[in-house]
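Colleague: Given next are the chains, with one letter for each unit.
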Amino acid sequence: MLDAEQRILHGNAMAISHGILAGMPGRSALAICPFLQCLPQQSEAESRALESLAAWCLQFSPRISLVPPQAILLEIGGSLKLFHGLAQLRRQIAQGLDQMAYQAQLGIAPTPLGAQVLARAGHAAAARSPQEFIQSLRPLPLQALAWPERLQERILSVGARTIGDCLDLPRRGFNQRYGKERGHQLEQLLGSRPDPLPTYVPPATYQRELDIAVPTRCRQILSLGLERLFLDLAATLRGLDCVVSQIDLRFRHARDPATHLILGLQSGSRDVGHWMSLLSELLRQQALPAQICAIEVRATQFLPLSTAQKGFWEATQPEQHSALLERLAARLGPSRLHGLASCQTHAPEQAWRCTEAGRGRDGAGEHRPRPLWLLSEPEPVAYSDLQCLSAVERLETGWWEQECRRDYYRAQTRQGQRVWVFRQHAPPRQWFIHGLFA
Amino acid sequence: MTRALDELLRDPRIWRGRLPVSLNGQRTGFAALDEKLPGRGWPAGSLIELLPTQAGIGELSLLLPALRHQFQSWVAPPYIPYAPALAAAGIDLEKLLVVQAKTPKDSLWALEQILRAGLSSHVLAWHAGEDSRVLRRLQLAAESGGARLFLFRPPRFSRQPSPAALRLYLAPAEQGLYLRLLKCRGAQPTSLILPLASPSTPHALALHPSSPATARRAADRAA
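Heads up: the sequence lines are chains A and B, in that order. According to our numbering, the first sequence is numbered sequentially starting from 1. According to our numbering, the second sequence is numbered sequentially starting from 439.
Chain A with its partners taken away, still in its complex shape (with noise of 0.2 Å):
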């Protein structure tokens, strides 16, 4: 990787065995292996992921703090005892990290500037005890400071090699020679002086954007690419303590207009498996206009976990039945399934309303004899066929909607049919069947 002097900043394992040294020139570095790929910087790509990681390291410790451009602080000490001890958060946070495909060096120390310190040396040992840290920071190069290279040259040359010389160096003139913040960090790095950091405060939507770098329509590279987004939503969603009802998919094609997908959930939900047979529901009926080089994925509305509303049906038992509830949305879309509510109203057609599934109720308030179907249309029908079983029911509509005054009957039909009739009261004064005793 080339920072903007094309020098080199770092390279992979392959390039450090041919010789690619970090600080070189990019054309030397050409030079020494030709066929080297040397691909640009790009810090606002690299700030966004280091604050995606931030959001996804909240699991693991509620105070998290950016140092751009490279490292995350996490404070761990109230983790241990829920993580099981040091050993397993390490190999817990090494695994996600792993799955993310990213590479990171730990350092855990008592203070802020020495983990970071450490890492940066590479030192893996965990440094639990002030006096452990001392002994593992001292053979340390000064290099590991990070400090300016001429202040680093300046050192150097009264002999201090290790920062355990820097710390031998009387303070009062380390501090003139070399300024008082070098003289604080190093006491801030000890311990001795406070360090305060500001704690990252994670934005509540969420907006990723994967690149395919082949553009494909193969559904399983794309569900791979989406699994990735998803882990990392779901992490960001665990350290919040929150769940999402609703996730925007969106289909980049290089010319085309995006595609555009909602995964909807019944109640909030942050179980990545459950998404992942949602989405393949999806995939399987959405037609893919052209190739997609990129996927975004949008949630704009975490839900605190312990709100999410729940109908009757979740109540029983509420994880199968929403998943249920969602496999079908998926597939038949959510138009198709619905619950029904009576209301209290005169007019028939109005006196019941499709609702959300599972949320269907009963709000009318006297119950009239009524047929259990109801035709979507009325149909006419002649008097001759109809025998008249009850006495007639008259219904109007207000003044205020469009008005129909009509009069309802049960009566029967020449085959047998259990209806309900009724005659329109202005001429022609036809007759309809309007629902169906069954």
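It should be emphasised that the hints constitute simulated quantities derived from the structure, not laboratory data. Among the hints, a few may not be true.
Chain B regions said to be covered by chain A (calculated; three or more residues, Cβ under 8 Å) [said to hold, decoys possible]:
no., region
1, 492-501
2, 516-523
3, 539-547
4, 550-557
Footprint (simulated), chain B over chain A, 3 or more residues, beta carbon under 8 Å [what the hints assert, rightly or not]:
no., region
5, 75-89
6, 325-333
7, 341-351
8, 358-370
Beta carbons: idealized from backbone N, C-alpha and C, even for Gly.
Given chain A, work out where chain B should sit, using these hints.
Modeller: Relative to chain A, chain B alone:
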């Protein structure tokens, strides 16, 4: 040898006539009908096929007593299930799910998903397809989920074989509903007339003493 045979016979798909079948029946709400059914009610975890001559003869009223206070799904109903009437009949609208898929294929898929999930104890479905493999699939799905599937089909299928545990042919009768048990696992096929109450009065539960002429005519038509 006998053990292998016993195991084979325990397969729920194998049905042997004249065996005391232990069917976990649920009261139908009609004593006359319960008497004729081997489990003294609607059999659990099975496909129950209903073949009404037409809609609006009391085919839903027959099921209403069993549907009260149950989790239920209605898949592909032919008309609008009218919420005020359902509520009046004692059905909990909170426990009701209606699925209206775009195609018959999608509704069958949804039906199978609902049955296999085993979350609604009663499933009502309307399906006009001819394929008997579909019925077998549904029967197996109902078994695995332990749900009662009431499948409404056109009456022209009454002559076709079916894997259903119970098949009922329904026709209108004077002041009631004529029922013919075309097939009944563990009992003899028979016929009876149930008096269905008009929607304003509660259901009467007695067997109609005589079979009126309309019922006989309907039976003749069915045969």
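Colleague: Confirm or reject each hint.
Modeller: We went through each hint and held it up to the structure:
1. 492-501: Holds, because 8 residues of the region 492-501 of chain B bring their Cβ atoms closer than 8 Å to Cβ atoms of chain A.
2. 516-523: holds (count 8)
3. 539-547: Coverage by chain A holds for the region 539-547 of chain B (4 residues, Cβ < 8 Å).
4. 550-557: holds (count 4)
5. 75-89: violated (count 0)
6. 325-333: holds (count 6)
7. 341-351: Coverage by chain B holds for the region 341-351 of chain A (3 residues, Cβ < 8 Å).
8. 358-370: holds (count 10)
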